[in-house]
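Residue numbers (the numbering used here), protein chains in the order written: chain A, 1 to 95; chain B, 96 to 567; chain C, 568 to 1050.
One should not assume that every hint holds.
Said to hold, decoys possible - Straight line, CA to CA, 20 Å or less: simulated SDA-like cross-link-like pairs of lysine to any residue: (1) A/79 - C/893; (2) A/64 - B/270; (3) A/79 - C/1050; (4) C/935 - B/191; (5) B/167 - A/54; (6) C/935 - A/5; (7) B/427 - B/468; (8) B/192 - B/162.
Treat the hints as calculated values from the structure; they're not laboratory data.
The structure displayed is predicted, hence computed values, not measured ones.
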Amino acid sequence: MVTKDELLDLALLSKLDISDSDVDKLLVDMEEIIKFADKINAASTSDVEFDNINDLQNVYREDKVVDSFSQDDILKNSKTVENGFFRVDNHNHIE
Amino acid sequence: MEYEIVMGLETHVELSTNTKIFCGCTTEFGGEPNTHCCPICIGLPGTMPKLNYQVVRYAVMAGLSLNCEIAKVAKMDRKNYVYPDLPKAYQISEYDKPLCEHGYIELSNGRKIGITRIHIEEDAGKLIHERGQTFIDYNRGGVPLIEIVSEPDFRSVDEVTEYLEYLQLTMRYIGVSDCKMQEGSMRCDVNVSVRPVGSDKFGTRTELKNMNSFTNIAKAVKYEVQRQIDVIESGEKVVQETRRFNDASGTTESMRGKEDAHDYRYFREPDLVTISVSDDEIEKIRKLIPELPNKKISKYIELYGLSEVDAKLLVKYKRVADFFEKSIDGVKVYKNCSNFIISLIFSRFETEDQKEQFNINVTPEDMNELLKLLEAGTIRNNVAKKTLGEMLDTGKKVKDILSEDDLKGLSQEELTGICNKAVESNPKAVADYLGGKDKAVKSMLGFVMKNTQGKADAQLAEKIIIDIIKNK
Amino acid sequence: MISKIHELLKTKKISCVELVQKYLAAIDTLNDKLIAYVNVSSDLALQSAKSIDEKIASGEDFDILCGVPMTLKDNISTKGLETTCCSNILKGYTPIYDASVWKNLKNKGSILLGKTNMDEFAMGSSCENSCFGGAKNPHNYNYVAGGSSGGVASAVGAGIAAYGLGSDTGGSIRQPASFCGLVGLKPTYGAVSRYGLIAYASSLDQIGPITTSARDAAIVYDEIAFKDDMDSTCKGKLCDTVSHLDDNIKGIKIGIASEYFKAIDSEVEDSINKALEVYKSMGATLVDVSLPSIDYVLPVYYIIACAEASSNLGRYDGIRYGFRASEYKSIHEMISKTRSQGFGDEVKRRILLGTYVLSSGYYDAYYKKAQMLRGNIINDFNSAFESCDVILAPTVPMTAFENGTTSRDPVEMYQTDICTVSINIAGLPAVSLPCGFDSKNLPIGMQLIGPKFSEANLLCLANKFEQATDRCFFKNIEGGINL
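Based on the sequences and whatever the hints tell you, model everything.
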């Protein structure tokens, strides 16, 4: 059972806003999905936790410098940049 | 009521690898913003991390130096939180299987501070808030860190300072980090609580952040301890929270109301595979660790006969200790060397950083030559000092500065001859001395020193002069 | 198809430019209705075609994939070419690097016609969760192409790409391949590099081909399965698959797990039974195997996939790339608004579920338990493969859904993935291939599942079936390129 408060906490952690009009619908969905997930409760497990699919170990990189990308490339996809920095304006609202 | 302070430390140390933890970008400090970046360290969609083995090696070195057990199997986890300096919205760290655990540091008061764990993780980028805008530079993002977590074993600010100094020194010795608080390559959060003396229950703790020097850490802790005592004394309860040290006011301020809801939802990083350090590998790494500072200090005191103060001064800087040890090869009187370094060389440096760098014109071989001449009596102490001064100024070698004559030294006969001359040419002084003025001998000694270019042993010369006068 | 194109180019019966022009013209005619492509890169394609013609003219040897026009699902990063995952949050994002698979294919002279449609961030089974609208089934435009790699299947099925690469997290290659009457290979986890594949669920995602024959799937697989330094989890392939396509399959043991046939359409079941007869006639024997853990594989899949997704999708904050909300009072509000406006409903639901199952207090009951059950599922398959070489199962219990009928009830939709997700959970390879048509003339698919790195065997078996049935379950669609 997910409460409205729990849902809003999840939204905060996930950085999602949930509008009042969406809350009820989403509560129903989440309820349904979690009920579905709860099916695993009944299953019994061996106590071996899954590690990684191919049991790979010790895959490493050498400590050798590789050229970085150009500043232009790094900043290219951002909406706002200034003097080589990514920039975010803390206020950007139309009153 | 009397209170006892209980503290635990979380220390982040930036590793001095060439490249970042998960990509080949340089870890060099500074640089134009966003020029030490690639798709991986700015977290572009689709990119994947690839672990730099040097990070594992350095962390194991740090662990071994702090008496830790090294995990046979470790793994990396994601620590999830959204913040603009964290481009993937998770930090790749280690949660429940850290590389190193159960270590300790022994303090000079005999108390042991437990090291709970050391784990590897990635650093975040840098945010600059200015005129209502946030500027982001990811150059630092992905620089490798180790986080050294202590047990809540500290009972005084001095213990904290000693621990941190020791940690800093050790990391520098083993070469895994330069540990510069100012540049942020060493950062420390302190968990502080107080409790009535005699109680074995922990009080509610606060976590102090944003101290960029040992002095500030001491200031912050002192302030916070008093604040907590005041809160308790006034009948209220200490709130568990993170508090930020304000350098300007010397106070700590609550960081409540920040946007971060704390639930890191750790889970295994699926893009990386298991880390497994074999016993062989651990032994190989152990061999890379040089003699550690605490061992060196006792050696200097016990074996070389230095004072504790001098020993610590030399060991404080790895390059100095290395220089010292190379310089005293085959030398019998070690103190000459430590005196020269501490009084003559250190005085030429203005900053700690310069001492750390220890950039001088003199090689340990030069110093060794000078020390041997001094020890053999070939040159006197004042000549040695003058020579060293000139070596430091000009980079000249011992042989270039001292003439053949200087290096010949002064025979007993020569000295007696000059002393005779001194007595003969100073009848007034002789009379004064015979008249009971012992000090009058000094002017004759001055004559000797002047005419031997300081090569004479003053004590011996004085004895010869007195003998000559008495035998007259 | 690939071999045919190679032959035509080699014998200079057609120039690469002509070929690409044909494809582009067909895309132009069909794509408005199909919505297979979300971005057609005509100029780049023609440019590459020209240089390949020069290469061919010079008499240089050229690779089998050289000059073959193909497509990539829009979650595979292409340097200089917009890559959106069919999400509003990534609109306008142009990668500055190539995914490893594409880098290799490009070096081999592959011609990219454009990026294809998908469910937003690969979350869905109909392609209807795309911000561009869902790709249609080339066999009947009233039906979906399937998902999430619906665009690739739609394009290859319609004959407006010779082949394509999709990604499969819980069936996203096999299900649309099945719906569109194509071959879809989901390789062993770790066979193909994921570097540059925009992650949905990192421990489940794999890139693989959708093609019009088993041979083509083998050709493409051999080129995309290589060890890649950029992906720590990638081992590459065990052996070439093309050279094994005609291996003898006599005496092969095909496992049948009743768990896969529980809630299955009768028409699908009939086709599969007929396919089994075909295999028997080729000397295969059937054995019953049991996979009891299939009962809870769906929730295990959704818990793990959503948990990883909630973390993988945290980075879309509007700062470095993609969409940014326009009105906000703080950087944190900007991030929340960007994500709320940029993500679609299904993505948000899965992020919330993933956050829930990882959050303190619930981690043990959901995520940890699911990971432990993942071990059970792997064990089930291991035991099954002790008594058989491959397992044959339906790819989907039904044929393609009608447009717009995909249920508003998310859980009901999740149930359709019952046959595909277990393979991802266990990291196994599986190939879906057509084995019939239903009464509405929509394709029916079946999948062959093998032990890890057994792609050669699976593709050989698929190839044999194709030959034995004279490719009668493949259908050329009018308007597409049929050489």
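For each hint, the structure was consulted:
Our distance criterion of 20 Å between C-alpha atoms is met by residue 79 of chain A and residue 893 of chain C, whose separation comes to about 11 Å. Distance check on the hinted pair: residue 64 of chain A and residue 270 of chain B sit about 17 Å apart at the alpha-carbon level, within 20 Å; holds. Proposed proximity of residue 79 of chain A and residue 1050 of chain C is contradicted: the alpha carbons are some 45 Å apart, above 20 Å. Restraint check: the Cα-Cα separation between residue 935 of chain C and residue 191 of chain B comes to about 13 Å, which is no more than 20 Å; the hinted pair holds.
For a cut-off of 20 Å, the pair hint linking residue 167 of chain B to residue 54 of chain A stands: about 19 Å separates their Cα positions. The hinted pair formed by residue 935 of chain C and residue 5 of chain A fails the criterion: a straight-line CA distance of about 24 Å is larger than 20 Å. In summary, the hint linking residue 427 of chain B to residue 468 of chain B is supported, as the alpha carbons are separated by about 12 Å, within the 20 Å threshold. Of the supplied pair hints, the one linking residue 192 of chain B and residue 162 of chain B holds, its CA atoms being roughly 18 Å apart against a limit of 20 Å.
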